[in-house]
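Under our numbering, the first residue of the sequence shown carries the number 1, and numbering increases by one thereafter.
Simulated from the structure, these hints should not be mistaken for lab results.
The structure displayed is predicted, hence computed values, not measured ones.
Cβ atoms here follow ideal geometry from the backbone N, Cα and C, with glycine treated the same way.
Each hint should be verified, as a subset may be incorrect.
As the list claims (entries may be wrong) - The calculated lysine-lysine pairs, modelled on DSS-like cross-linking and capped at a C-alpha distance of 27 angstroms, are:
#1 LYS126 to LYS35
#2 LYS97 to LYS119
#3 LYS35 to LYS119
#4 LYS16 to LYS126
#5 LYS97 to LYS66
#6 LYS66 to LYS16
#7 LYS119 to LYS66
#8 LYS97 to LYS35
#9 LYS59 to LYS16
#10 LYS126 to LYS97
#11 LYS16 to LYS119
As the list claims (entries may be wrong) - Cβ-Cβ distance ranges computed for the label pairs, FRET-style:
#12 ASP133 to ALA64: 42 to 50 angstroms
#13 GLN79 to MET117: 16 to 24 angstroms
#14 ASP110 to LEU136: 40 to 48 angstroms
#15 PRO21 to VAL143: 32 to 40 angstroms
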Amino acid sequence: MTAYVQNHVQGARDFKYRQRPDLLEPQREDIEFQKQLINNSGTGMQLWPDAGELTFTYKDNGTAMKGVAGGTGRFYLSQAYNPLGGPPMMGISAQTKSTHAASFPAADFDANLVEAMSKSVELDTKRASSYMDLLLEIGTQNV
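Sequences and hints are given; from them, build the entire structure.
Shown next as structure tokens:
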């Protein structure tokens, strides 16, 4: 998150990160379903979810600003047989599941408003499914 903010908010500093496992609660059922799929696949893959939030400060046209960026992600660790011998080949990938960001003049920063905003975001499963279908179709055409 720090790298993302540094690349998108000029002069960002005073980074403070905190874990936010509560952000995973709306996804708990899907996380458990995905873990079960992975555990039953026999691939030896592992999945773990994580969530956090980063606050930071910066100046915008001379005004002291405070911002926050947060989100949830899922991390996947896979292992494969090494045909050259030795330890297995390992790969890790990640997927962002939800994000939120906001900034205010530092004097007006309202953590409760940011919290209400982040909790108001809901996954639209129908839209997500349509998007995944589109990506599958594009991938099929590319192949």
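Quick rundown of the hints versus the structure:
1. As the CA atoms of LYS126 and LYS35 are separated by approximately 22 angstroms, the hinted pair is consistent with the 27 angstroms bound.
2. At most 27 angstroms may separate the alpha-carbon atoms for a hinted pair to count; LYS97 and LYS119 meet this at roughly 14 angstroms.
3. A hinted pair counts as satisfied when its Cα atoms are at most 27 angstroms apart, and LYS35 with LYS119 qualifies at roughly 24 angstroms.
4. Straight-line distance between C-alpha atoms of LYS16 and LYS126 comes to about 35 angstroms, which puts the hinted pair past the 27 angstroms bound.
5. Between the alpha carbons of LYS97 and LYS66 the distance comes to roughly 24 angstroms, so the proposed pair stays at or under 27 angstroms and holds.
6. With a C-alpha separation of about 11 angstroms, the suggested pair LYS66 and LYS16 falls inside the 27 angstroms cut-off, and the hint holds.
7. Of the supplied pair hints, the one linking LYS119 and LYS66 holds, its CA atoms being roughly 19 angstroms apart against a limit of 27 angstroms.
8. Between LYS97 and LYS35, the direct Cα distance comes to roughly 15 angstroms. Compliance with the 27 angstroms bound is thereby established for this hinted pair.
9. Taking the CA atoms of LYS59 and LYS16, the gap is about 17 angstroms. The hint holds against a cut of 27 angstroms.
10. Distance restraint check for LYS126 and LYS97: the Cα-Cα separation of roughly 15 angstroms lies within the 27 angstroms cut-off, and the hinted pair is therefore satisfied.
11. With a CA separation close to 20 angstroms, the supplied pair LYS16 and LYS119 stays within the 27 angstroms bound.
12. At roughly 46 angstroms, the beta-carbon separation of ASP133 and ALA64 lies within the given 42 to 50 angstroms, and the hint holds.
13. Here the CB-CB span from GLN79 to MET117 is close to 39 angstroms, at odds with the stated 16 to 24 angstroms.
14. In this structure, ASP110 and LEU136 meet the distance hint of 40 to 48 angstroms, their C-beta atoms being roughly 41 angstroms apart.
15. Restraint check, PRO21 to VAL143: a C-beta distance of roughly 39 angstroms satisfies the suggested window 32 to 40 angstroms.
Hints 4 and 13 from the list above are not met by this structure, while the remaining hints are.
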